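Chain A is already provided as a structure; the job is to place chains B, C and D on it using the hints.
There are 4 protein chains.
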Amino acid sequence: MEQPSGTVARLLITCPDQPGIISAVSTFLYHHNANITDLDQHSTENRPGTFFLRLEFQTPGLDCSLEALESNFRSRVASKYDMDWTLTFAHEKKRMAVLVSRHDHALMELLWRVQRGDLSAEIPMVISNHDDLRAEVERFGIEFHHVPVDAQNKDAAFERMLELMDGKVDVIVLARYMQILPPAFVSRHPGRIINIHHSFLPAFVGANPYQQAWDRGVKLIGATSHYVTDDLDQGPIIEQNVQRVSHRHSAQELKALGQDVERSVLLRAVRWHLEDRIIIDGNKTVVFVK
Amino acid sequence: MEQPSGTVARLLITCPDQPGIISAVSTFLYHHNANITDLDQHSTENRPGTFFLRLEFQTPGLDCSLEALESNFRSRVASKYDMDWTLTFAHEKKRMAVLVSRHDHALMELLWRVQRGDLSAEIPMVISNHDDLRAEVERFGIEFHHVPVDAQNKDAAFERMLELMDGKVDVIVLARYMQILPPAFVSRHPGRIINIHHSFLPAFVGANPYQQAWDRGVKLIGATSHYVTDDLDQGPIIEQNVQRVSHRHSAQELKALGQDVERSVLLRAVRWHLEDRIIIDGNKTVVFVK
Amino acid sequence: MEQPSGTVARLLITCPDQPGIISAVSTFLYHHNANITDLDQHSTENRPGTFFLRLEFQTPGLDCSLEALESNFRSRVASKYDMDWTLTFAHEKKRMAVLVSRHDHALMELLWRVQRGDLSAEIPMVISNHDDLRAEVERFGIEFHHVPVDAQNKDAAFERMLELMDGKVDVIVLARYMQILPPAFVSRHPGRIINIHHSFLPAFVGANPYQQAWDRGVKLIGATSHYVTDDLDQGPIIEQNVQRVSHRHSAQELKALGQDVERSVLLRAVRWHLEDRIIIDGNKTVVFVK
Amino acid sequence: MEQPSGTVARLLITCPDQPGIISAVSTFLYHHNANITDLDQHSTENRPGTFFLRLEFQTPGLDCSLEALESNFRSRVASKYDMDWTLTFAHEKKRMAVLVSRHDHALMELLWRVQRGDLSAEIPMVISNHDDLRAEVERFGIEFHHVPVDAQNKDAAFERMLELMDGKVDVIVLARYMQILPPAFVSRHPGRIINIHHSFLPAFVGANPYQQAWDRGVKLIGATSHYVTDDLDQGPIIEQNVQRVSHRHSAQELKALGQDVERSVLLRAVRWHLEDRIIIDGNKTVVFVK
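Residue numbers (our numbering), protein chains in the order written: chain A, 4 to 293; chain B, 4 to 293; chain C, 4 to 293; chain D, 4 to 293.
So that you can see chain A by itself, here it is in the shape it has in the complex:
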């Protein structure tokens, strides 16, 4: 059910599984006159299990302020069930910084989607370790920061990037950013850095995955979007897709075909993050897809 986005709230919940959670949450919202329009639930199989819930509700009829709703939920429901939870409002667009190196395909897709309103976000800045894409970015009216990174200045460079983004971003997207993020950087934005890896993970980790794929003679190439953790290429996978190739394609052509997959896979992952459809569950994701 589509609603005016200004009136949509989203609740994401993770907690130990036990009977009565849905009843407690839905009854709480009903009593505050919040109309649930979408509800998706998942519980893990292990015992004791973990319970995951995403729901969307309408706020116009609320019998209290959003703040009061949040405060009441915390005290009356969340604490009782030991919940990790977030409550967001669709009208508060997330602020998304994009980090990029030289390949523009994934970046352009994001800028273009945001510009035409296809992706509900604000882009306060693009940061790159190269200056090549400045004009492309600035013509969208978006700030571009060139922060070179080399072996000598690596810590300082990432410190500089953290300063640039300080208090200004809710999510960071690596749109083919070819530097490895230091732990100090990652720990400042836990669960909020999305990367696109140019292979079907866990196949072909490391450098030059398209050449590796060509050397191995695979019949499908792929791309993987995942949250960044300190373990390179090992973070929770959000989305993957593949593209059929054949013996006729050179390694260079795999790269070109793969860029289209990267572009669409990253777009889906970013969209789901922006719409609060993803809960991180250890090294996996629960994705409540429409």
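Don't read these hints as lab results, they were simulated from the structure. Bear in mind that the values here come from a model prediction, so they are computed numbers and not experimental data. One or more hints might be untrue.
Straight line, CA to CA, 27 angstroms or less: simulated BS3-like cross-link-like pairs of lysine-lysine [claimed, not checked]: (1) 258(D) / 287(A); (2) 96(C) / 258(A); (3) 293(B) / 258(D); (4) 83(C) / 287(C); (5) 96(D) / 258(B); (6) 293(C) / 287(D); (7) 293(A) / 287(B); (8) 258(D) / 83(D); (9) 258(C) / 96(A); (10) 293(B) / 293(A); (11) 157(B) / 171(B); (12) 258(C) / 293(B); (13) 293(C) / 258(B); (14) 293(D) / 287(C); (15) 171(A) / 97(A); (16) 258(C) / 97(A); (17) 258(D) / 96(B); (18) 287(A) / 293(B); (19) 97(B) / 258(D); (20) 293(C) / 293(A); (21) 293(D) / 157(D); (22) 157(C) / 258(A); (23) 96(B) / 287(B); (24) 258(D) / 293(A); (25) 83(D) / 258(B); (26) 171(C) / 157(C); (27) 258(B) / 97(D); (28) 293(D) / 258(A); (29) 287(C) / 258(B); (30) 258(C) / 287(B); (31) 97(C) / 258(A); (32) 293(C) / 293(D); (33) 287(D) / 258(A); (34) 96(C) / 287(C); (35) 293(B) / 97(B); (36) 97(D) / 258(D); (37) 171(B) / 97(B).
Not the full set, but computed from the structure, chain D residues with beta-carbon under 10 angstroms of chain A [to be verified]: (38) 218; (39) 239; (40) 240.
Ideal Cβ positions, reconstructed from N, Cα and C, are used throughout, including at glycine.
Chains B, C and D alone, transformed into the frame defined by chain A:
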């Protein structure tokens, strides 16, 4: 969350949308100590909207009999919200009759899946207007009835089939059954007859869709599974899929490729029906896919 | 096998099938020291059949000029086998006019691909019946012509468009151009006008196919790229693809999802045309895909 | 172009690339009155390159015996270009042994396809290290050999299997055969053993790939068919495909979904081998797909 199937109940609900339904249903189940393990919900966009719900719950801890639960739900919840609803138990396998003409591919897939426990159903009988597939069917230990149909005996033939199935079947699958069902037959099993049509509906209705597809030079062929209504090829679509083809394929080859699509599309539709994942909404379906 | 594009020639042949054609063509090229790097062949099943051939060859070692090669081929091979044929050189980029109305998604993809060298074409102009997309187009440094079309001026408008393109374009792409082309326009560019239709033809011809698809409750939506003929939506299909949808998607969401399919399907069709991979065979296409 | 299979011959050629090969081959066939109905060609990019060719031709009009044709081709064409080549006739069905352990899904698909004429092969025997599937196999009228394999008797067991197949099989299909073949076995059937691996190689080599995939939280699972070499899971890949999964699927469900992918991927690989569409190129395959 997978559970011993003997303890799983499924509730399908359709009713006019209004606030509080999820709260009412989930609280009812909680109070009877039924643990919800899966919940999926949908509301239509139009106003007043229609509310659809599927939920699975565990029955071992119930504080009453299944019959009492059903009776209580009717009087305390369903009537209040004007619900159309069904409550089923996974351990009660649906009885599925299969109607077929001469093509065996879809039939064999169903028999094979049921035999190996991949599909939770019983097959009390297969009925065909030809005798060709008798041996194939009987070697699975399944009754085979040959009921010829021609212009002269059509009404009598379908009356005979209704008698054969009377009280013995919960769902009828047309696995490439090439006779048009008369209204009197369809009306006896409303929303319980599943057909596989050998084209990507609504393209290529009528006879010989693969030849039509070849003549038109399409680049994808498809198959459609739908519930049967009195409007030929117009019933609610359950599932569709396609297969890429090229100028190199003859009409005959389209037919062979298409049979693989038919087989897998029908299997998915039947599986969803058996798992109570489908609600018919006018001429459409709501399918709560895993 | 990838080659410097400056040295690649492509030969497309259609002729009545008979033994010896491949031998004749390949021997001719060999004797002129042209090295065949790719060859793809197809013959129709009917009798007498039609023979289709696409081959790529290298020109650096040629023992004569390109003009002499062409002239010799005509007199010594093509006339003997009654061939329809075209010989093109990859370094001569095709000039592509794009016609568009208000939707920018397909247009932007084409402009962006040409700009970054992903698509080997020149775009001498974009023509629209609205002025909305002028800025978008002009920032790529491409001429934009606004040619309004209404019931009164239709003939004159299309005449004006023909004049604008006269002698300047090799192929015309309708990137969601929402006016029906008059026969006088189509006949001036036979087999050189590519359209993207926003449905999986032949399903949902006519207006508002996404609404039609939503009304029918299909589980896959699609897009179709085809050459334009005087029969609306009936021209030879070049490429099609689909996207899975569900009961959760509104007609408006089908439209948004469909635009991504339109974009990628049109891109493939245009790419294949530009690379001389398509031969029109009556109301079908032979597409020699890599 | 479909032809009566009794009259179709297929020529597969691998040789060092040089100008004139297609001319030489096609002219040779033309002079013997063999009509080429399908030709597909590929050359590798490296220098000096390798040339691969598959062609189908009609034999009814031949001016000599098949033996003479073969002998003439060897002396007049193949030796000049230093060709590896095979000439096969579609009416000579390949004899295919199937090795299987306990999972029946891939085996049943092959038996069923051969029985109904969908797959052009003879199956002289099925060999298993378990006796479980004997009845399933024998009801197709096919010999079943139970050859147990354990750590003690491994060499003897595979020796026994070689004896059983000696002179009776052209290709060996491992339809989920869970024993590692010893080098002495592999070397007796080079390029003639096809395996289905239950993961998207090179991801998840080794044991229990579905559990590995579940642990890693991938969003697509896959299967890979490849020729067996002495390097476990490293042989030339023939075909791969994937299936979308989500957080809702248990490891056990990944396995069930994966079996459908295994079944269809193996079927395609086997079909292509039987139709002489595959040339092994080092550790890769060239697959001339229809």
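**Request:** Quick one: which hint numbers does this structure break? Sort them smallest to largest.
**Result:** Of the numbered hints, 8, 20, 21, 22, 25, 36 do not hold.
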